[in-house]
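Asker: Starting from the given sequences, assemble the full structure and let the hints guide the process.
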Amino acid sequence: EADIYQTPRYLVIGTGKKITLECSQTMGHDKMYWYQQDPGMELHLIHYSYGVNSTEKGDLSSESTVSRIRTEHFPLTLESARPSHTSQYLCASRAGPPSYEQYFGPGTRLTVT
Amino acid sequence: SQQGEEDPQALSIQEGENATMNCSYKTSINNLQWYRQNSGRGLVHLILIRSNEREKHSGRLRVTLDTSKKSSSLLITASRAADTASYFCAIRGGSEKLVFGKGTKLTVNP
Numbered sequence: 051e052a053d054i055y056q057t058p059r060y061l062v063i064g065t066g067k068k069i070t071l072e073c074s075q076t077m078g079h080d081k082m083y084w085y086q087q088d089p090g091m092e093l094h095l096i097h098y099s100y101g102v103n104s105t106e107k108g109d110l111s112s113e114s115t116v117s118r119i120r121t122e123h124f125p126l127t128l129e130s131a132r133p134s135h136t137s138q139y140l141c142a143s144r145a146g147p148p149s150y151e152q153y154f155g156p157g158t159r160l161t162v163t
Numbered sequence: 217s218q219q220g221e222e223d224p225q226a227l228s229i230q231e232g233e234n235a236t237m238n239c240s241y242k243t244s245i246n247n248l249q250w251y252r253q254n255s256g257r258g259l260v261h262l263i264l265i266r267s268n269e270r271e272k273h274s275g276r277l278r279v280t281l282d283t284s285k286k287s288s289s290l291l292i293t294a295s296r297a298a299d300t301a302s303y304f305c306a307i308r309g310g311s312e313k314l315v316f317g318k319g320t321k322l323t324v325n326p
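Taken in order, these protein sequences are the chains called Y and S.
In this text, residue positions in the first sequence follow our numbering: the first is 51, and each later residue adds one.
In this text, residue positions in the second sequence follow our numbering: the first is 217, and each later residue adds one.
In short, the hints are calculated from the structure, not lab data.
Glycine residues also receive a C-beta, built at the ideal position from the N, C-alpha and C atoms.
Watch out, some of these pointers could steer you wrong.
Stated by the list, open to error - Which chain S residues stay away from chain Y? Per the calculated CB distances, all over 12 Å, these:
(1) S244
(2) N247
(3) H261
(4) L291
(5) T293
(6) S302
(7) A306
What the hints assert, rightly or not - Taking lysine-lysine and the PhoX-like style, the derived pairs with C-alpha atoms no more than 25 Å apart in a straight line are:
(8) K285/S with K81/Y
(9) K272/S with K285/S
(10) K321/S with K285/S
(11) K242/S with K272/S
(12) K272/S with K286/S
(13) K286/S with K321/S
(14) K107/Y with K318/S
(15) K313/S with K285/S
(16) K286/S with K318/S
(17) K107/Y with K313/S
(18) K318/S with K272/S
(19) K107/Y with K68/Y
(20) K242/S with K313/S
(21) K285/S with K107/Y
(22) K313/S with K81/Y
Answerer: This is the structure we're talking about:
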């Protein structure tokens with residue numbers, strides 16, 4: 051099991067609410083990622099970080115924001131949730147060379163009603 | 217696009233049979249990785265193959281890479297019911313990002 055954690059695992063919330071999805075890892079990885087995945091579909095990169103105080107938008111346009119104040123912590127925030135945000139959100143961190151593998155958290159399944 | 221495309225989209229086999237999944241891509245790559253995802257969970261890294269490698273093994277897994285055809289295959293030998301999952305290839309090109317395909321859904325029937 052990878053040492054990367056996500057909370058909450060499941061969240062049902064009403065439209066317009068502000069939410070923060072938490073992600074933390076204890077492996078000391080500099081690089082971290084957020085993906086969005088609809089059931090049975092591919093992963094879309096929405097944010098990534100190369101290290102503390104570094105954040106970049108990914109390939110899929112997202113209304114969320116992220117921060118990276120500590121190496122181990124990479125939270126994702128939605129200022130105003132909408133039904134179109136209903137999806138699974140996966141956090142990952144990446145090992146350095148020679149491995150390069152990404153370690154994934156268990157995911158947060160978000161439903162916005 | 218750099219995205220890998222897996223084929224087939226779904227595969228159903230009997231326990232003990234071999235399962236082969238293919239991934240095709242369009243750009244040059246640094247490495248190609250395969251991941252497994254059990255229903256509703258995060259992904260688990262299976263194997264990485266670099267652009268200068270042609271074949272790698274890990275337990276019951278065998279991965280091949282043909283850069284001239286821009287394709288890779290994942291073979292699972294002697295499949296088990298526990299192998300039932302979705303399998304994704306992921307492409308790493310020149311950037312730090314991995315680009316995932318849509319996955320192959322494998323069902324192994326006991």
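Asker: Evaluate each hint against the coordinates.
Answerer: Consistency of the hints with the structure:
1. S244: About 16 Å separates S244/S from the closest Cβ of chain Y, which puts it past 12 Å; holds.
2. N247: violated (6 Å)
3. H261: violated (4 Å)
4. L291: holds (20 Å)
5. T293: holds (22 Å)
6. S302: At about 8 Å from chain Y, S302/S fails to clear the 12 Å cut-off, so the statement is violated.
7. A306: Given that some Cβ of chain Y is not farther than 12 Å from that of A306/S, nearest at about 8 Å, it is violated.
8. K285/S with K81/Y: The given pair, whose Cα atoms are some 31 Å apart, is violated under the 25 Å limit.
9. K272/S with K285/S: Answer holds: K272/S to K285/S is near 17 Å, not above 25 Å.
10. K321/S with K285/S: holds (23 Å)
11. K242/S with K272/S: holds (21 Å)
12. K272/S with K286/S: holds (16 Å)
13. K286/S with K321/S: holds (22 Å)
14. K107/Y with K318/S: holds (21 Å)
15. K313/S with K285/S: Distance of about 22 Å is within 25 Å: holds.
16. K286/S with K318/S: Roughly 17 Å between the alpha carbons, so the hint for K286/S and K318/S holds.
17. K107/Y with K313/S: Since the Cα atoms of K107/Y and K313/S sit roughly 11 Å apart, the hinted pair holds (cutoff 25 Å).
18. K318/S with K272/S: Roughly 22 Å separates the two Cα atoms, so the pair holds.
19. K107/Y with K68/Y: holds (20 Å)
20. K242/S with K313/S: holds (16 Å)
21. K285/S with K107/Y: violated (31 Å)
22. K313/S with K81/Y: Within the cut-off at roughly 10 Å; holds.
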